[in-house]
Every structure is written in structure tokens, then in C-alpha cells.
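Take a look at the letters that make up each chain.
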Amino acid sequence: MNALPPFSLSTLLQVVEVLGVVAFAFSGFIEARRKHMDMVGVFTVAFITAFGGGTLRDLLLDRRPLYWVEHQEYPIMVFVLAVVGSPFLRHLQSARSERLIVVADALGLGLFSASGASLALNFGMPTFVCVMMGVITGIFGGVLRDVICNEIPLVFRRGELYATCSFAGCWVYLWMDWMKAPEVMSLGASIAVTVVFRLVAVRFGWRLPG
Amino acid sequence: MNALPPFSLSTLLQVVEVLGVVAFAFSGFIEARRKHMDMVGVFTVAFITAFGGGTLRDLLLDRRPLYWVEHQEYPIMVFVLAVVGSPFLRHLQSARSERLIVVADALGLGLFSASGASLALNFGMPTFVCVMMGVITGIFGGVLRDVICNEIPLVFRRGELYATCSFAGCWVYLWMDWMKAPEVMSLGASIAVTVVFRLVAVRFGWRLPG
Amino acid sequence: MNALPPFSLSTLLQVVEVLGVVAFAFSGFIEARRKHMDMVGVFTVAFITAFGGGTLRDLLLDRRPLYWVEHQEYPIMVFVLAVVGSPFLRHLQSARSERLIVVADALGLGLFSASGASLALNFGMPTFVCVMMGVITGIFGGVLRDVICNEIPLVFRRGELYATCSFAGCWVYLWMDWMKAPEVMSLGASIAVTVVFRLVAVRFGWRLPG
Chain A
90 MNALPPFSLS
100 TLLQVVEVLG
110 VVAFAFSGFI
120 EARRKHMDMV
130 GVFTVAFITA
140 FGGGTLRDLL
150 LDRRPLYWVE
160 HQEYPIMVFV
170 LAVVGSPFLR
180 HLQSARSERL
190 IVVADALGLG
200 LFSASGASLA
210 LNFGMPTFVC
220 VMMGVITGIF
230 GGVLRDVICN
240 EIPLVFRRGE
250 LYATCSFAGC
260 WVYLWMDWMK
270 APEVMSLGAS
280 IAVTVVFRLV
290 AVRFGWRLPG
Chain B
90 MNALPPFSLS
100 TLLQVVEVLG
110 VVAFAFSGFI
120 EARRKHMDMV
130 GVFTVAFITA
140 FGGGTLRDLL
150 LDRRPLYWVE
160 HQEYPIMVFV
170 LAVVGSPFLR
180 HLQSARSERL
190 IVVADALGLG
200 LFSASGASLA
210 LNFGMPTFVC
220 VMMGVITGIF
230 GGVLRDVICN
240 EIPLVFRRGE
250 LYATCSFAGC
260 WVYLWMDWMK
270 APEVMSLGAS
280 IAVTVVFRLV
290 AVRFGWRLPG
Chain C
90 MNALPPFSLS
100 TLLQVVEVLG
110 VVAFAFSGFI
120 EARRKHMDMV
130 GVFTVAFITA
140 FGGGTLRDLL
150 LDRRPLYWVE
160 HQEYPIMVFV
170 LAVVGSPFLR
180 HLQSARSERL
190 IVVADALGLG
200 LFSASGASLA
210 LNFGMPTFVC
220 VMMGVITGIF
230 GGVLRDVICN
240 EIPLVFRRGE
250 LYATCSFAGC
260 WVYLWMDWMK
270 APEVMSLGAS
280 IAVTVVFRLV
290 AVRFGWRLPG
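Residue numbers (our numbering), protein chains in the order written: chain A, 90 to 299; chain B, 90 to 299; chain C, 90 to 299.
No wet-lab data here; the hints were simulated from the structure.
These numbers come from a predicted model, not from an experiment.
Be aware that one or more of the hints could be misleading.
Because identical chains share one entry, a pair is satisfied inside a single copy or across any pair of copies.
[Claimed, not checked] With a cut-off of at most 25 Å between alpha-carbon atoms, the simulated SDA-like pairs for lysine to any residue come out as follows:
(1) Lys124 - Glu162
(2) Lys124 - Leu297
(3) Lys124 - Thr216
(4) Lys269 - Phe212
(5) Lys124 - Arg246
(6) Lys269 - Ala257
(7) Lys269 - Leu189
(8) Lys124 - Pro298
(9) Lys124 - Asp235
(10) Lys124 - Trp295
(11) Lys124 - Phe217
(12) Lys124 - Arg185
(13) Lys124 - Arg247
(14) Lys269 - Gln161
(15) Lys269 - Gln103
Assemble the whole structure, with the sequences as input and the hints as a guide.
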């Protein structure tokens, strides 16, 4: 376990979070454009997708200031991207946009799951709670995006390997931390396991038994 | 009003909460199986139903650590039950499972309403706020379960006596506490009133005027 | 920026909040009656609409006690209005009730947006975060109302000028505060801009480009 000052993120975790914000915001942009939303809708969906999971995690851990409050450059970035990027997204083909969402969403899932598990561990949470926090952080932004866009959230689709990938990745993080691996390796392995597991499951149509 | 240390539950309240978690988790299991969800779906629905109301209550009261964070044995218990119990639930008949949900849900409603009102009172909240906290704690897990499973939440079904039962039970708790009844009696009477009121209303088809 | 004691509202902000609670509760009453809900449903929808935005704001800012917990007279007022007013609302004509909702909702939007931005500024949040807090506070109650009543939330309707009005009003507040205008003028101008912008947009059918 890292010794972190209680109310700040290590630089490493910050990098993971920024990448997660970008990945999830991107998946929100594309989903909102597919639903023909206007610019305000695109920004709202991207904002909620990018910050939903981390905000719920911070509320549950009682961690303040919230990370998008501490760093107003994150929401500003999402806002600028929504204003500047909206017209370009219009020309995305439907088939390509669906594939892009799957990839961006898998990246966001992996990055936020690892960051959630790591932060919970740094807050001294018990093991199983760290895993649950990782899973909640990873899936919640996407759940909100799908609810707003009137899609069945991936996590509730029958047989879909989604929360399971996050669950596996979080256990990898905790196991490597317990083996005293350096933080960068634990985070990297956890992210890789979640993302690869998810993408392979989508590619080969792996399903959970009913 | 009991003198409780501010950040821990009395043993009595803990017993009430464990029973409420089990009752609501059970209602979540059955509802998820009725919707033919897979094992991950069953766990997710049971987890959210069992811990949703208490988590919202703790967020509103700013009570930390959250009770499922303090006691990781609760989410582990729900997880083990979801993994072990899922195959058995498959063979439940539809009519029986509907009746089981009503009973489990009524028990969860009574147990969580009383615990919410009691905890709010111990946090020094004013009377009407204690009642609202009890009602919110009692109904929120079931609302999330029904939203996820694409049912109209019981509390929003026209004429259904649901929130009303919780409301009555919470007033009973506060009135008995004001009469200086011992905590065990106040909790017991409150739970009994909510559960019996709810079950009798379902049995005899009592409805609210339109 | 006003020097406020950190956990209390200035009298001015309190007035703004009470008016916002009344406006949003009223929009909730009418919407619930349009959906033929019973008395419990009417109270629940009014309560959630009136207190949803402010509660989310307080959770995000970690501001306790929540304002409806500090002032139990607010939820009691909504409760009494629901019990006493329900029978009267039954006779509202459909066309008139739709117009009333638009006006009550615009007022609530303006009042809560300004109060959210002002409170966030008093908590020392950075500028863009103050605007986001204002928008979140302004729109969240109405989003919950529409979700419960099975309407598409106004903020997610294509082309609808809704969040945009709140966004504009919040910038007016921050700009006037930065110009060292007295609080009463900043709040007044912000509320006026949001409400008038919204009502004019509805009246003349202004739309955002797609």
C-alpha cells in the first residue's frame, strides 16, 4: 500500500484518471451523436460519463474535493471538446462509431476500475470492499451514459462479460499489491487484464452461462 | 434517545440491519432470476437492493464508514449467496416467486425504515426529518431494484400502500421513543406495524384514494 | 465573494432557496397530478423535485446539514401542500397545467442555478466548477421529476434551450460578482437572465442547432 497524503492523488493515479476521463468522455461523445443530440446534450452525456464513476467513488469514500472540482481543467477540457468536436463527429459512420464506443468504453472501464481499487486501498478499506469500489468506479459512468441514451446498460445485458472483466482486473491489482509489486506494475497489469479481457470477450462473443 | 457513539451502530440496530440486508438481497435474487439475468446480474441487483437504501441514508447523514464498508462480510455474504444460490432459484415457480418477493420486500421495508428513523434520531435530526430518513432508507433499495429490473417501483404505483406503511411505522418508532419506551420495543413495534400493514394491504387489496 | 460562515446560508440565499423549493414543488404537484398519481405519489414527486438539486449540490460540496434537514419546515410545507392541495389540482385543465409547469419549472431553474453558483463560490470553488454546480443544482430536481413521471427530461430533449439558460445565468452571476456588484444584484440578474431566457425560448420556439 502506498503512503499517500489522504486528500491528494499520486501523480501516477492522476495520469490513470486523466486517461480514463478522456476515454469515457469520448465514448459519451460518440453515443450522444449517434442519438442525434445537440451540443448541450453531447457535453452533458460526456461530462456524466467521464465523471460519474469517480464522483460516486469519492462520495462513497468521503474524499473531497472531488477530482473534477480540484482540477477544473478536466471539465473545461470536456466542454471544449464537445464544442469543437461535435461537428466532426457528425460524419462518423454508424458501424465505425459502434466499434469506437466499445474500445473507448473498455479503456475507461480498465482505467477507472484500477484507480478505484487503488484509491480504496489507500483509504484503508478491506479487500473485498476495494474490489467493489473498483467495479463501481469502473462501471457507473457507463451505466449513466446508457441510461441517459436509453440503452440497456452493458452491465445488465444478459451474458455480457463486462462487470466480470472489471472484477478480475481489480483482483489482479490487489493480488499484485499484496505481493509487494511496485504501484506502476500493479496498476498496469490490472488495466491490461480488464481491457484485454473485455475486448477479447467482445471479439469472440464469450458469454456468461445463464 | 439512545446515547450511541456517533460512528458506530448499537448491537440491536446491527441485528436489524443484517436482517434487512438479507431480506432485500433475497428479494433482489428472486427478481433478477425472474428476469433471467446471469450470475453477475443476480449479484448486482441483490447488492444494490440490499445496500442502496442504507448507503443513501449514510450519505445524507454524512455517516462514515458506510456500513457495508465497515463490515465487508455483508457484501461477501451476498456474493456467496448469489454464486451458490443462483442455480437453485432457477426452479422457482413464477407464482411462488412473486409471493416470496412481496414478503421479503415487506420485511426489508420494515427493518430498514425503523433503522433509518432510529439512526437519524441518534444523529439529532428533527422529528419530521427522522421520518423522511426512515422512509427513504426503507424504500430506496427497492426502487433501485425495480428500476434496474424494468418494473414500475412499488412506491410509484397508483393506489399502492407502500411508502404509507413505512411512514406509519416511522411515526410509531418516534412516538414510542418520545414515550421513553426501551429501544428494543420501539424498534420492534415500528417494524411490526410497517410489515403487518404492508402485508395486510397486499392481502386485502387496500388502495389509497386516487 | 461574500464572507459567509461555512455551514449556514445568508438570509438572501435562504429566500432564494425557499422560492425555488416552492416553484419546483409546485411543478412536481402538477406533473404528478397529470399522471393521475395518488397523494403519496404527489408528495414524493414534489419532495424529490424540490429537494433533489439542492441535495446533490450539498453532497458534492460536502455541505452539512443538508438544507431540508436543517429546516424541517420545508419538507413539512411540501407535505401539507400535497395533502391539502391534491384534491384541488384534480380540476386543472390539461392545457393550463402544461403552461403552469413550464413557468414553475423556469422559476425553479433560475432560482436554484443562481443559488448553486453562489454557494459554490462561497465554498471557494474555481470558476468553471461554480458554473457546473449552478447548472447541476438547477436541472437535477427537474430531471428526477421527469424520470419518475416517465417523461424525457427537458435537458435531454433535442434542441431544447434548458441547460443553456442555466449556463448563461450562472455566468452572469460570476461575472457580476467579479465586477464586485452587491450579492443581491448578482443573484437578481442571474435569476432574471435564466428565467427570461428560458421563457422566451419556449414562447418563440428557439432551438439549438442539431
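25 Å Cα threshold - placement of arginine 246 relative to lysine 124: Answer is both: 20 Å inside a copy and 11 Å across each meet the 25 Å cutoff.
Intra/inter-copy verdict for lysine 269 and phenylalanine 212 if alpha-carbon distance must be at most 25 Å: within (17 Å within a copy, 40 Å between copies)
Intra/inter-copy verdict for lysine 124 and proline 298 if alpha-carbon distance must be at most 25 Å: Between copies only: 14 Å across, 32 Å inside.
Up to 25 Å CA-CA - phenylalanine 217 versus lysine 124, copy category: neither (37 Å within a copy, 27 Å between copies)
Homo-oligomer pair classification [glutamine 161, lysine 269; C-alpha up to 25 Å]: Answer is between; shortest inter-copy Cα gap is 23 Å, intra-copy 34 Å.
Homomeric proximity label, lysine 124 with glutamate 162: Cα distance no greater than 25 Å: neither (27 Å within a copy, 42 Å between copies)
Copy assignment of lysine 269 with leucine 189, given that the CA separation must stay at most 25 Å: neither (36 Å within a copy, 47 Å between copies)
Homo-oligomer pair classification [alanine 257, lysine 269; C-alpha up to 25 Å]: Within one copy only: 19 Å inside a chain, 51 Å across chains, cut-off 25 Å.
Status of threonine 216 relative to lysine 124 across identical chains (alpha carbons, at most 25 Å): For lysine 124 and threonine 216, the Cα distance exceeds 25 Å both inside one copy (40 Å) and across copies (31 Å).
Homomeric proximity label, lysine 124 with leucine 297: Cα distance no greater than 25 Å: Cα proximity of lysine 124 and leucine 297: across copies only (15 Å, versus 29 Å in one copy).
Lysine 124 and arginine 247: within-copy, between-copy, both or neither at 25 Å Cα: both (23 Å within a copy, 9 Å between copies)
Intra- versus inter-subunit Cα pairing at 25 Å for lysine 124 with aspartate 235: For lysine 124 and aspartate 235, the Cα distance is within 25 Å both inside one copy (11 Å) and across copies (19 Å).
Hint compliance for this structure: hints 1, 3, 7, 11 are not met, and every other hint is.
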